[in-house]
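Once you have looked at the hints, place chain B on chain A.
Protein chains: 2
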Amino acid sequence: MKVACLGAGQLGRMLALAGYPLGIELEFYDRTADTPGGQVGPILTGEFDDLNKLKKLARRADVVTFDWENVPVGSLTALKGLAPIYPQPAALAVAQDRLLEKKLFVQLGIPTPGFFAVESHDDLKAAITKIGLPGILKTRRMGYDGKGQYRLTKPSDVAKAWSALGGQPLIYEAFIHFSREVSLIAVRSQKAELAYYPLSENSHHDGILHSTCAPFKAPALQRKAERYLRMVLEHFRYVGVLTIEFFVADGQLVANEMAPRVHNSGHWTIEGAVTSQFENHLRAILGWPLGSTQARGYSAMLNFIGSLPDRQTLLTQPGVHLHDYGKREARPGRKLGHATLVADSSLARDRALKLLSRQLKSTKRQTRAR
Amino acid sequence: MKVACLGAGQLGRMLALAGYPLGIELEFYDRTADTPGGQVGPILTGEFDDLNKLKKLARRADVVTFDWENVPVGSLTALKGLAPIYPQPAALAVAQDRLLEKKLFVQLGIPTPGFFAVESHDDLKAAITKIGLPGILKTRRMGYDGKGQYRLTKPSDVAKAWSALGGQPLIYEAFIHFSREVSLIAVRSQKAELAYYPLSENSHHDGILHSTCAPFKAPALQRKAERYLRMVLEHFRYVGVLTIEFFVADGQLVANEMAPRVHNSGHWTIEGAVTSQFENHLRAILGWPLGSTQARGYSAMLNFIGSLPDRQTLLTQPGVHLHDYGKREARPGRKLGHATLVADSSLARDRALKLLSRQLKSTKRQTRAR
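Note that the protein sequences, when read in sequence, are chains A and B.
With this note's numbering applied, the first sequence has no gaps in its numbers, which climb one by one up to 370 at the end.
With this note's numbering applied, the second sequence has no gaps in its numbers, which climb one by one up to 370 at the end.
Calculated from the structure, these hints are not laboratory results.
Keep in mind that the hints are not guaranteed to be accurate.
The list cannot tell twin chains apart, which means a pair is met if one copy fits it or any two copies do.
Derived DSBU-like pairs (lysine-lysine); straight-line CA-CA distance at most 30 Å [as the list claims (entries may be wrong)]:
{"no.": "1", "residue 1": "Lys361", "residue 2": "Lys191"}
{"no.": "2", "residue 1": "Lys327", "residue 2": "Lys56"}
{"no.": "3", "residue 1": "Lys55", "residue 2": "Lys327"}
{"no.": "4", "residue 1": "Lys103", "residue 2": "Lys80"}
Remember, predicted model here, so these are calculated numbers, not experimental data.
Looking at chain A on its own, in the form it has when it is part of the complex (with noise of 0.2 Å):
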């Protein structure tokens, strides 16, 4: 089997690693050849407007899919008729931009912060006086860990986050004081077969995924989230993994962004669930038997953001697992790997998590000390 993947970034890498087993093959398609997915597996380069190139692929490959939410809506329809095009495009288009995201949560009946759509400086004064401060100006689209968005707490923050944003489509969202963030993962295979992984427990730092624990167990949150995902998922009759994170707050969901694919949440899935999130998106596009969802023990993953830790003291701690993605350049911001650790239970994971963050600390302190 062949599945096109558009977008060849550590989730697609992480997609084909998972495909080799099941007989599956990966072709990427991205701008530059050496990706985290090109490094594993075939790659065809070219501008993702390019219909010409993206056209020869869909037609050698079994299912189109895709990692990058920003693959433009317009170059994935006009491959309708080569193959099948997993998630749909009209899941992605509402993924794409905040507006419809929330409109569509509201047409649903999931909770969602406040919203209005901002077009002008005087819409964005409108916005708050309805909505108050403290409030979120984010771009309506493009926008991925935490750019393209501005927080505003008191009135003279109005003109800045203008002029640092304005001029584009923006959304003005309540600020949600939440105690807790989660995410659900969930997959809806070719054949309607529906499926739903434990509630992820996320922290993020600068608006960036820091650390996963799974599962957050909480029956009731977990039927509700269930709930939601399912009324998005049937509304598109949708074939793939879909994400949604929430805020808790008040005991309650509220719907924060939606992913139409694999999740950064969900990579504890591959050590620390039955099936990963990663085999199950591809068992659902390719219209096979669901894996389970499982949790196997207490999982935590930990981000590794603008650089990598070194890898013997990393794997000091017998447990942990590396996921390196392969990217030549380091920056500020960018992620580069992520590891995981699996235990018995809650309290050990908590403990195992600690030590390996302690211990990444010291090595970063020894290694400037040098």
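Quick look at chain B alone, frame taken from chain A:
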């Protein structure tokens, strides 16, 4: 890090897939490119005695290893000085010759079936006089998966066995009436760190491994097996994964053969142990800390020999993991893939294995009936 791997079979393929997340790239060497390994990583093609090509490969590698037991030892030793070679050629030389292997077991005090070297028809008759019948006549070299073996049960078999195998260096071994077959996989790192997996219980059909269940919990045998493996590892100052297959007869371990590499009876460690044999082999030969060899639950591994089952049927059982080696040509007796399942108890594991076997048999019948 770059590891050169001589041989690009399924073992190499699984080594490569274990390497990518660690930031390790394997470069394969084999006669043809479209091999299980060559499908997932770069490959240089050539004959195994083409020293110029092999030297080119070794020069750009951080370490040289092999996934094929019949790599000419001379080709490996010719690479000395260009890169470290692990496991050591001296261990490979012994493993390639059943006589040297058995002599090593005797030298180290590891119980092994009685044996005599056989160079002539008279040698064979003399060996039978000493050891008796039944016994097994084996070629000293190049035997695997039950090939190059002849079982003698009555005096009239002698002439037949000689005409089948005579004319090459042979060994005649006592036949062991065993109750079980088990194997122990151990790993020793460049830094002399040692680790042992739990014993696996193996079942062979027609001389080929059919299925493995692990862990086989027998603390006294585990301790004894670890002691035997340690003696062999320390004898060679071995680096990498080493496997010894044992018969269990009258509650005692009797060493059958050793393999200086990752082993089919350790495939369950991918899902069923904290760190797989493949990852630990790479960690060992690179001088990295070893990962935990602890079992996670109770695993069963089922080999697919001669044909692969229908993927979708196989994956209907939600906890089953497929490993397709990507071999283009199915031949009787050829290992094309395997499946692993992991359960919370040995009882649940045995039930799941039975269910899977039954399911695969019924599919086969259906396929035939069509």
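Against the structure, the hints come out as follows:
1. Lys361 to Lys191: between (47 Å within a copy, 25 Å between copies)
2. Lys327 to Lys56: both (27 Å within a copy, 26 Å between copies)
3. Lys55 to Lys327: Both ways: Lys55 and Lys327 sit 28 Å apart in one copy and 29 Å across, limit 30 Å.
4. Lys103 to Lys80: within (26 Å within a copy, 66 Å between copies)
Violated hints are absent here; each numbered hint is respected by the structure.
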